[in-house]
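The listed protein sequences derive, respectively, from chains B and U. For my numbering, add 2 to where a residue sits in the first sequence, where the first one is 1. For my numbering, add 41 to where a residue sits in the second sequence, where the first one is 1.
Hints listed in this document are in silico derivations from the structure and should not be mistaken for laboratory results. Glycine included, every Cβ here is placed at the ideal spot set by N, Cα and C. It cannot be assumed that every hint is accurate.
[To be verified] Calculated lysine-lysine pairs in the DSS-like style (CA-CA distance at most 25 angstroms, straight line):
1. U:K131 <-> B:K266
2. B:K192 <-> B:K166
3. B:K5 <-> U:K101
4. B:K52 <-> U:K101
5. U:K234 <-> B:K253
[Claimed, not checked] Partner residues aside, some chain U positions facing chain B, computed with beta carbon under 10 angstroms:
6. W87
7. P91
8. D198
[Unchecked claim] Ranges between beta-carbon positions, derived for each pair:
9. U:E181 <-> B:K166: 25 to 35 angstroms
10. U:E92 <-> B:G96: 43 to 53 angstroms
11. B:R211 <-> U:T174: 52 to 62 angstroms
12. B:D238 <-> U:L95: 28 to 38 angstroms
13. U:D81 <-> B:K331: 28 to 38 angstroms
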Amino acid sequence: MGKTLAEKIWEDHVVRRADGEPDLLYIDLHLIHEVTSPQAFDGLRLSNRKIRRPDLTIATEDHNTPTQNIDQPIADPVSRLQVDTLRKNCADFGVRIHSLGDIEQGIVHVVGPQLGLTQPGMTIVCGDSHTSTHGAFGALAFGIGTSEVEHVMATQTLPLARPKTMAINVEGKLKPGVTSKDIILAIIAKIGTGGGQGYVLEYRGSAIRELSMEGRMTICNMSIEAGARAGLIAPDATTFNYIKGKPHAPKGADWDAAIAYWSKLATDSDAKFDVEINLDANELAPFVTWGTNPGQGLPLNSKVPNPAEIIDAEERGAAERALVYMDLKAGTPLKSIKIDTVFLGSCTNGRIEDLRAAAEIIKDKKIASTLRMLVVPGSARVRLQAESEGLDKVFLEAGAEWRNAGCSMCLGMNPDQLQPGERSASTSNRNFEGRQGKGGRTHLVSPIVAAATALRGTLSSPADL
Amino acid sequence: MEKFIRHTGSAIPLRRSNVDTDQIIPAVYLKRVTRSGFEDGLFSAWRNDPEFVLNKPEYKNASILVAGVDFGTGSSREHAVWALQNYGFKAVISSRYADIFRGNSLKGGLLTVILPQEQVETLWIAIESNPNTEVTVDLESRTVTYNEVTCPFELDDYTRWRLMEGLDDIGLTLRHADVVTTFEEKRAEFKPKTLPVLAE
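All chains, full assembly: derive it from the sequences and hints.
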């Protein structure tokens with residue numbers, strides 16, 4: 003029987019296999035940031051250990067970093083200490099780091115692909131659950147905890163139980179105004195936040211093949227929101243073209259060898275997945291979340307659901323609590339919900355295509371006077387690219403704020419936060435209670451829905467303009 | 042890591058599903074560079090509510106958390122495990138956990154027990170009717186016992202052995218350092234390296 007993409011990558015990285023033990027897997031690339039690494043570096047010091055492969059390790063600063071006044075010291079002393087700790091640790095252990103102000107700085111999951119360090123067939127880990135992003139290249143990439151970060155630092159391996167495989171087939175053609183963000187929000191709403199638990203997802207089908215690399219990254223990024231540690235898309239010509247010429251892409255004979263290997267990775271036609279899910283791309287519409295987990299989403303044309311109509315008791319209870327937290331009434335049209343802040347950015351939707359798509363809608367218009375809009379490029383390079391295309395001016399002239407790169411308002415760890423009771427339309431990945439700031443309320447949307455919402459002041463799609 | 046063989050203590054019912062790691066410990070508490078002191082951030086948003094179970098005096102000394110389905114979803118932050126341990130929890134019982142949280146907990150010696158939802162419900166009722174109910178989580182026999190009830194649970198032999206011996210995963214892997222070296226010798230040349238730095 004043939005093998006799936008996930009199984010092929012897994013088998014190619016098994017260092018050691020023994021009965022009754024997890025497989026020991028080799029890790030090709032370890033990405034590091036300031037939040038989940040300090041205790042791991044300390045662990046190494048305590049045990050007098052080194053980083054086995056600094057040449058397969060790279061660090062960036064992203065979670066704590068401010069997106070304004072980045073030439074000044076970080077104002078919050080606790081954040082500053084964490085960033086300074088990363089800098090010292092990287093210096094002590096010989097790790098490459100891209101600090102705030104560096105041209106390669108940015109969100110770790112934007113930086114890896116843009117440097118060409120993310121390639122098909124690799125194993126990639128990071129102490130961050132959105133490491134699943136890199137699966138868009140056909141790499142087995144997943145988030146790990148700090149104990150595992152230390153383990154990878156010391157050994158360049160991880161002991162792992164083999165996951166099951168799930169195929170998510172998305173066939174058909176997306177309607178105009180429907181994006182990769184809507185595909186993944188619809189998938190999560192369908193299978194639930196625990197639906198992918200224990201599985202590696204493989205996104206397949208004509209609608210997936212049609213997507214750009216950046217669209218694919220948005221989908222794989224949110225695999226964790228369906229409970230799956232990793233999501234994959236088979237590498238193809240789109241993937242190869244994207245990687246070619248990037249700073250760390252293979253060159254010359256290495257390029258040919260790499261293409262030969264990458265071309266063999268796709269799931270065999272006779273391979274079996276443990277589970278298969280089907281989604282009709284033709285039926286999809288712009289999606290938005292109404293609740294406090296990413297599975298609580300609906301097409302934008304819908305109304306806030308009535309918990310009393312939910313049969314499952316657990317889900318009903320969760321919906322009731324979510325509506326209280328979100329201050330929403332059952333039956334309210336989603337499009338009538340007023341928004342205070344629009345956030346365009348994050349490792350989900352902070353890439354150049356996301357900024358271009360939003361700018362195209364906002365161009366020569368003004369955002370609603372009732373809200374603020376933050377536009378935060380995913381990396382310093384994305385920011386420079388956008389500025390070279392004049393996108394910064396489009397946003398600024400519309401009344402939005404143009405910021406420096408970082409995780410920003412995706413999580414309440416840096417100065418960009420919602421105030422208690424404030425409501426956002428956000429292109430990020432999590433609508434958990436307080437995720438964007440204590441008491442803040444989050445509606446997850448695509449970049450073009452974010453842009454249309456910014457213009458109208460209520461949740462809107464470009465078709466409403 | 043401390044050995045885990047069995048633990049007896051009182052338990053606290055957390056009747057919520059889908060408790061994500063942002064609820065267990067919000068990002069604002071993740072700025073510390075140590076492994077300790079995270080207990081003040083545990084469920085911090087909910088602890089403002091006097092009715093929240095952690096604020097109830099009858100559950101003050103509980104060391105076993107009995108949570109709803111899909112506990113620990115979302116962010117990979119191991120701080121969630123540290124916050125629970127720093128607060129004094131030795132074990133968590135739920136019918137399902139998020140993968141990364143479960144992995145983190147079992148690496149760090151916080152035993153996350155899986156019981157069917159019906160048994161979780163029964164346990165909730167027992168501890169709500171008597172918060173002093175003694176609950177024993179026994180890794181040796183792989184059972185949870187309280188009153189006259191015994192619930193067996195599953196945990197793979199390898200993880201059980203590692204927890205019962207209190208073994209450090211890294212130490213175990215380093216015993217096979219030679220196999221890692223052999224593997225590295227065969228890695229493809231075209232695989233990328235972060236060093237030296239290459240620019241556009």
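Determine which of the earlier numbered hints do not hold for this structure and return their numbers in increasing order. Hints 1, 3, 4, 7 and 12 are the ones this structure does not satisfy, whereas the remaining hints hold.
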